[in-house]
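Student: Input sequences plus hints: build the corresponding full structure.
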Amino acid sequence: MTRTSPSRAAKPAPVLPRSRATVAFALLGVAFAVLAGRALYLQVVDNDFLQQRGAARYSRAIEVAAHRGRILDRFGSPLAISTPVKSLWAFPAQFDATPAQLASLARILATTPQALKKRVASADDFVYLAKEVSPETSERALALGIHGLNDENAYRRYYPGGEVTAHIVGFTGDRDVGQEGMELSQQAWLAGVPGSRRVIVNRRGDAVEDVASIRAPQEGRDLALAIDSRLQYVAYRELKAAVEANKARAGGLVMIDVKTGEILALANMPTYNPNSRERGARDRMRNRALTDVFEPGSTLKPFTIAAALDAGKVRPDTPIDTNGGVMTIGGRTIHDAHREGTLTVEQVIQKSSNIGAARIALQLPATTMWQTLSEAGFGALPRTGFPGEVSGRLRPAKTWKPIEQATISYGHGISVTLVQLARAYTIFATDGELKPITMLKTDGAVAGVPVVKPKTAAEVRHMLEMVTQPGGTAPRAQIAGYRVAGKTGTAHKLQGGVYTDKYVASFVGFAPVSNPRLVVAVMIDEPEASSYYGGDVAAPVFSAVMGGALRMLGVPTDAPVGNVVLPPEDQRVREET
Amino acid sequence: MTRVNLVLLAVLVACALSLITARHQSRKLFVTLERAQAEGRAYDVEYGKLLLEQSTWGMPARVEKIARENLKMQLPDASRIEVVTTGAAR
Numbered sequence: 005m006t007r008t009s010p011s012r013a014a015k016p017a018p019v020l021p022r023s024r025a026t027v028a029f030a031l032l033g034v035a036f037a038v039l040a041g042r043a044l045y046l047q048v049v050d051n052d053f054l055q056q057r058g059a060a061r062y063s064r065a066i067e068v069a070a071h072r073g074r075i076l077d078r079f080g081s082p083l084a085i086s087t088p089v090k091s092l093w094a095f096p097a098q099f100d101a102t103p104a105q106l107a108s109l110a111r112i113l114a115t116t117p118q119a120l121k122k123r124v125a126s127a128d129d130f131v132y133l134a135k136e137v138s139p140e141t142s143e144r145a146l147a148l149g150i151h152g153l154n155d156e157n158a159y160r161r162y163y164p165g166g167e168v169t170a171h172i173v174g175f176t177g178d179r180d181v182g183q184e185g186m187e188l189s190q191q192a193w194l195a196g197v198p199g200s201r202r203v204i205v206n207r208r209g210d211a212v213e214d215v216a217s218i219r220a221p222q223e224g225r226d227l228a229l230a231i232d233s234r235l236q237y238v239a240y241r242e243l244k245a246a247v248e249a250n251k252a253r254a255g256g257l258v259m260i261d262v263k264t265g266e267i268l269a270l271a272n273m274p275t276y277n278p279n280s281r282e283r284g285a286r287d288r289m290r291n292r293a294l295t296d297v298f299e300p301g302s303t304l305k306p307f308t309i310a311a312a313l314d315a316g317k318v319r320p321d322t323p324i325d326t327n328g329g330v331m332t333i334g335g336r337t338i339h340d341a342h343r344e345g346t347l348t349v350e351q352v353i354q355k356s357s358n359i360g361a362a363r364i365a366l367q368l369p370a371t372t373m374w375q376t377l378s379e380a381g382f383g384a385l386p387r388t389g390f391p392g393e394v395s396g397r398l399r400p401a402k403t404w405k406p407i408e409q410a411t412i413s414y415g416h417g418i419s420v421t422l423v424q425l426a427r428a429y430t431i432f433a434t435d436g437e438l439k440p441i442t443m444l445k446t447d448g449a450v451a452g453v454p455v456v457k458p459k460t461a462a463e464v465r466h467m468l469e470m471v472t473q474p475g476g477t478a479p480r481a482q483i484a485g486y487r488v489a490g491k492t493g494t495a496h497k498l499q500g501g502v503y504t505d506k507y508v509a510s511f512v513g514f515a516p517v518s519n520p521r522l523v524v525a526v527m528i529d530e531p532e533a534s535s536y537y538g539g540d541v542a543a544p545v546f547s548a549v550m551g552g553a554l555r556m557l558g559v560p561t562d563a564p565v566g567n568v569v570l571p572p573e574d575q576r577v578r579e580e581t
Numbered sequence: 092m093t094r095v096n097l098v099l100l101a102v103l104v105a106c107a108l109s110l111i112t113a114r115h116q117s118r119k120l121f122v123t124l125e126r127a128q129a130e131g132r133a134y135d136v137e138y139g140k141l142l143l144e145q146s147t148w149g150m151p152a153r154v155e156k157i158a159r160e161n162l163k164m165q166l167p168d169a170s171r172i173e174v175v176t177t178g179a180a181r
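Residue numbers (my numbering), protein chains in the order written: chain S, 5 to 581; chain U, 92 to 181.
Everything labelled a hint here was simulated from the structure, so no lab data went into it.
Do not take every clue at face value.
[What the hints assert, rightly or not] Far from chain S by the CB rule (all over 12 Å, computed), these chain U residues:
1. MET92
2. ASN96
3. LEU97
4. LEU100
5. VAL102
6. LEU103
7. VAL104
8. ALA105
9. ALA107
10. LEU143
11. SER146
12. PRO151
13. LYS163
[To be verified] Derived pair list, reagent style DSBU-like, types lysine-lysine, alpha-carbon separation capped at 35 Å:
14. LYS445(S) to LYS156(U)
15. LYS445(S) to LYS140(U)
16. LYS156(U) to LYS263(S)
17. LYS140(U) to LYS119(U)
18. LYS244(S) to LYS263(S)
19. LYS506(S) to LYS140(U)
20. LYS140(U) to LYS251(S)
21. LYS457(S) to LYS402(S)
22. LYS156(U) to LYS121(S)
23. LYS244(S) to LYS119(U)
24. LYS135(S) to LYS140(U)
25. LYS163(U) to LYS135(S)
26. LYS244(S) to LYS405(S)
27. LYS251(S) to LYS497(S)
28. LYS244(S) to LYS140(U)
29. LYS122(S) to LYS140(U)
30. LYS156(U) to LYS251(S)
All figures in this text were calculated on a predicted structure; none of them were measured in a lab.
All C-beta atoms in this analysis are idealised placements derived from N, C-alpha and C, irrespective of residue type, glycine included.
Tutor: Below you can see the structure in the form of C-alpha cells.
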C-alpha cells in the first residue's frame, strides 16, 4: 500500500479530452446494446427451446398403460385375460456381463450361458434376451446389475379355457392385436389405448403434480360372450370322444338357445391350444362350424316338406308313392336303397326317403322352394359377429333344372355351414320364426322373422319327433325324461366335383319338444369306424350333449323317465344317403 | 400510512406462506394419490392372476376328473333321478 503524496493531490485535475468520454460512452452503449440484443434473442427468438429445456428439469411426459379387456363367458368366468409381463432386451454393443453374471442370468432365465451369448451375438442393434417373462423374473435379472440389460413392459394373453374354447375366442398376435375369433372381430372394443400425461416430478422422481393430460388412456372393455362354459365343456368332451371313436377327420357342434338366439356352445375338432401355438397349425385353427361348407344331405328335407305344407300342396298324411325305390328325372336316376311302397309325408321324413322328398319338391314351383330355403338363412351370412363366416351356396331358382330341384330337396347341390343349419332349425323349434343368432350375451328373448306358418312348424315338429322314435332313423337321439325332435343326415362328400365314398354324418335337433329350449347341430366329417350313418354317429352325440345341457339348465322334463325305446339292432331304419 | 403498509405487508407474507403450504400439501397428496393408483393397478393385475388361477383350478375337465377318479362320483342314470316340481314354480 502506498501513500498518496499530498503534493500530487493538490495539483489541479488535468482536463481530459472530450473525445475520450465519447469513446467510453460509445463502448458502453455498444456493450449495452449487445446485452439488450442477447436478452431479446433469448426472450423472444430462442424462448421456446429454453422453456423446453427448463421444463425438462422438472416435468415429464409419462405413458399411462391401458390393458386389453377380458373376454368372459355368460357367467363372467374368464376366457381370455391379459397379465403384465416383462421382456428383457439389450443393445449387443453395450451388453457387458462378467462370466459370473452371465451364469446367474442364465439360471434366472432357465437357459445356458452359451445360449445367451449366442443370442446377444445374433444381431447388431437390438436383441430380446427373454420375451414375456414374469415381472419377478425380470426384477431378479435386473438386480444382477448387468450393464446394457434393459426391460420393457408388455402384456401376455392367457386363455384359461385352452382348447375347449379356442375356436370361439381366437387369440392375439404381436402387440396384443387380435388375430382370430372374437379377439379379431371385437378388436376395437377390447383394445386398450395407452394414454400419456405431463407431470411435475420432484428430485426423487415421484410425480408431484399433474400438469396436463396429453392423451387420455382408454382402458380395454370386457366382452361377455353368450358361451356357457359348462355346456361348452360338455359339447367339447362329447364331440371329441365321438370324433375319436369314429376315427373321423373332423367334427363340429353348435348349440343355440331357441328363445334368445345366443350361441351357448360351439365346438370344433380338431382343435389347438391358444396358450402355446405351434406353427403350421392353421388347419386346426379353422372354426369349421362357421367357415366350412358341406352338402347337408337329409337334414335339409324338413325345409322341402315345410315349403310344400306351407304352400298347401300336401298334408302330413298325404300318401307319396316312392316308386319302389327308383325314380328317373330328366335322364338321371335317383335311388332309395330301401324299397318302401307308399309313404305318408310324415314317413318320408321319419324314414328319410330321398324319392319321397324329391316327389314332394317337384310339386312345387322352384321359386317357392328357393324362397323357403333362402328365408331359412341358406346362402346368406348368418351374422353371428364372428370373422370369416361364410354364406354357403344356394343357387338362384331360375337356374334350377328339375333334377337339381329334386336333389336340393334332399340336401345335395346346396352347401351350408353347420351354424346355418342349426339356426335354420329354430324355425321348427318356434312357431315358424327364424331367430337371429349371436356370439354375444344378450338379455332376454329376441323376435324372429316368420318363415312358415305356425301350423306348418308344428306339423314338421311332430314329424321330426317321429324320427327319434322307433321306426325313425335316429332312435339313439332319444334322451331320458325329455321329448326330442330332429333329423339325421348322411351325405356323400363331394370332392373335386365327384361324389366319393366318404360321408358327412350329421344330426340337427331340438328339445324338449313341448317347449323347445335348445337347438343342437352335430356334424361328423368322414367317420370311418363302424358306421357312417347320421343316426349312429351324430345322434348319440346330440343325445349326450342335449341331455347334459337340459339337466344343467334345469329345464323341466316333459316325458316319463322310461321314454327311451331302442328298437333291436336288425330293425333299425337306415336312411338314404 | 406506514402502519397500513406494514399491515398489508404482513398479510402479503402470510398469504405467500399459506400458498406455499397449500402447494406443498397438494403435492404430498398428489404423491399419495399416485401411489394409491399404482397400488390399485397392481391389485387389478393380481385380481386378473387370481381369476386365471381360479379358472385353471376350476376347469370343468379337472373337476370332472377329480370327481370321477378321486371321489368316485358318477352321474346317476335317468331311472335314479326324481324330478320334483313345486306347485308354485310352474
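Student: Now, for every hint given, state plainly whether the structure supports it.
Tutor: Hint by hint, here is what the structure shows:
1. MET92: MET92(U) clear of chain S: closest Cβ-Cβ about 37 Å, beyond 12 Å.
2. ASN96: 33 Å, holds
3. LEU97: 34 Å, holds
4. LEU100: 29 Å, holds
5. VAL102: 27 Å, holds
6. LEU103: Since the minimum Cβ distance to chain S is about 24 Å, LEU103(U) lies beyond 12 Å and the statement holds.
7. VAL104: Its Cβ never comes within 12 Å of chain S, the nearest being 24 Å, so this holds.
8. ALA105: 23 Å, holds
9. ALA107: Fine: 19 Å to the nearest Cβ keeps ALA107(U) off the interface.
10. LEU143: 5 Å, violated
11. SER146: Given a closest Cβ separation of 4 Å, the condition is violated.
12. PRO151: The claim breaks: PRO151(U) does not keep its Cβ more than 12 Å from every Cβ of chain S (closest is about 4 Å).
13. LYS163: 19 Å, holds
14. LYS445(S) to LYS156(U): With a Cα-Cα distance of about 29 Å, the restraint between LYS445(S) and LYS156(U) holds, given a limit of 35 Å.
15. LYS445(S) to LYS140(U): 24 Å, holds
16. LYS156(U) to LYS263(S): 33 Å, holds
17. LYS140(U) to LYS119(U): 32 Å, holds
18. LYS244(S) to LYS263(S): 27 Å, holds
19. LYS506(S) to LYS140(U): 47 Å, violated
20. LYS140(U) to LYS251(S): 39 Å, violated
21. LYS457(S) to LYS402(S): With Cα atoms ~25 Å apart, LYS457(S) and LYS402(S) stay inside 35 Å; holds.
22. LYS156(U) to LYS121(S): Roughly 45 Å separates the two Cα atoms, so the pair is violated.
23. LYS244(S) to LYS119(U): 60 Å, violated
24. LYS135(S) to LYS140(U): 19 Å, holds
25. LYS163(U) to LYS135(S): Roughly 43 Å between the alpha carbons, so the hint for LYS163(U) and LYS135(S) is violated.
26. LYS244(S) to LYS405(S): The hint is violated at about 40 Å.
27. LYS251(S) to LYS497(S): 16 Å, holds
28. LYS244(S) to LYS140(U): Distance of about 29 Å is within 35 Å: holds.
29. LYS122(S) to LYS140(U): OK: LYS122(S) and LYS140(U) at ~33 Å, within 35 Å.
30. LYS156(U) to LYS251(S): Holds. LYS156(U) to LYS251(S) sits at ~24 Å (cutoff 35 Å).
Figure legend: structure checked against the earlier numbered hints; hints not met, in rising order: 10, 11, 12, 19, 20, 22, 23, 25 and 26.
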